[in-house]
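S.K.: Sequence:
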Amino acid sequence: MIPFLPFPRLAADSMLKQGLDATMLFPQYQVATDACQAEIEAYNDAAEASCKLNKELGIWDYGDFWVNTIWPSMAQNAPSTNGAAYNDGAYDLATMFGGSANFTILDPLNIPTVEEFTNICFSDFYTGGKWLDWAYDMVPPAEFGMPTIFIRGAMPTITVEEYCKSGIHDIDAAYMRMKACAQKAIGATPINGMSLEEMAAATEAQAANSIACSVALCESVQMSASLLEGSMGKSPAAVSVSASSAAVLVGTFLVLAVGFLL
Numbered sequence: 001m002i003p004f005l006p007f008p009r010l011a012a013d014s015m016l017k018q019g020l021d022a023t024m025l026f027p028q029y030q031v032a033t034d035a036c037q038a039e040i041e042a043y044n045d046a047a048e049a050s051c052k053l054n055k056e057l058g059i060w061d062y063g064d065f066w067v068n069t070i071w072p073s074m075a076q077n078a079p080s081t082n083g084a085a086y087n088d089g090a091y092d093l094a095t096m097f098g099g100s101a102n103f104t105i106l107d108p109l110n111i112p113t114v115e116e117f118t119n120i121c122f123s124d125f126y127t128g129g130k131w132l133d134w135a136y137d138m139v140p141p142a143e144f145g146m147p148t149i150f151i152r153g154a155m156p157t158i159t160v161e162e163y164c165k166s167g168i169h170d171i172d173a174a175y176m177r178m179k180a181c182a183q184k185a186i187g188a189t190p191i192n193g194m195s196l197e198e199m200a201a202a203t204e205a206q207a208a209n210s211i212a213c214s215v216a217l218c219e220s221v222q223m224s225a226s227l228l229e230g231s232m233g234k235s236p237a238a239v240s241v242s243a244s245s246a247a248v249l250v251g252t253f254l255v256l257a258v259g260f261l262l
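Taking the numbering used here as reference, the numbering of the sequence shown is continuous, increasing by one, and the terminal residue is 262.
There could be a bad hint or two in this list.
Said to hold, decoys possible - In silico BS3-like cross-links for lysine-lysine, where the CA-CA straight-line distance does not exceed 27 Å:
{"hint": "1", "residue 1": "Lys165", "residue 2": "Lys55"}
{"hint": "2", "residue 1": "Lys52", "residue 2": "Lys184"}
{"hint": "3", "residue 1": "Lys130", "residue 2": "Lys165"}
These are computed hints drawn from the structure, not numbers from a lab.
Could you put the whole structure together from the sequences, leaning on the hints where they help?
M.R.: Now the structure itself:
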């Protein structure tokens with residue numbers, strides 16, 4: 001059943017929609033959706049709740065933030081609807097296939113080590129913390145054909161208070177759970193020198209660390225810190241990443257690679 005979402009759907013003539021619809025025909029995509037229905041539905045619930053909260057707060061929509069911040073070219077075709085892909089669990093799952101080379105690489109960007117990958121604090125991307133500066137300075141692989149991935153100033157940052165009230169953290173956590181589920185369900189052989197177990201551990205560690213970072217940020221302003229609820233049941237300390245797997249992650253450019261960090 002198609003979920004009700006309080007925001008526009010992808011326009012039928014959107015190049016983004018056409019590309020993602022093609023991805024949804026992949027056998028691996030069917031495997032992931034069959035195994036991860038609960039995670040997809042949880043993502044949709046988080047997106048719907050956050051959309052309503054963001055309207056009340058008067059801030060941008062989650063999907064619009066990502067489609068404009070990372071790939072402005074995606075906003076050029078049907079700009080009022082392309083962000084909808086990141087508010088719909090089924091479509092957002094489809095974006096992961098480009099960003100992970102069909103779940104065979106941990107990350108397509110030039111992130112030097114697994115440790116750096118797992119330490120990313122996603123809340124900074126919205127609030128302007130140190131990891132946002134790190135993202136702006138990141139140089140993508142030459143295959144991307146652009147000097148940077150994150151477009152400085154494309155979308156305004158929000159305050160920590162707005163972030164903690166927005167429900168954005170819940171979408172990010174749902175995204176990470178969906179990604180971890182799909183990665184395990186597909187079970188593709190990594191091509192970046194890691195084992196499947198090491199790659200899964202890195203993905204789960206990134207999720208746990210980022211959720212803990214959001215908790216700490218909201219606790220710092222004395223707001224509710226219930227973000228760990230339903231967060232894969234793992235604490236950052238409970239997920240270890242082998243130091244031997246800290247190899248250079250060489251990026252592979254694929255279109256629709258918006259799932260590269262989340």
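S.K.: Next, verify each hint and record whether it holds.
M.R.: Hints, verified against the model:
About 11 Å separates the Cα atoms of lysine 165 and lysine 55, which keeps this hinted pair within 27 Å; it holds. Restraint check for lysine 52 and lysine 184: not satisfied, since their Cα atoms lie roughly 32 Å apart, outside the 27 Å limit. Annotation: proposed proximity of lysine 130 to lysine 165 holds, straight-line Cα distance about 21 Å (limit 27 Å).
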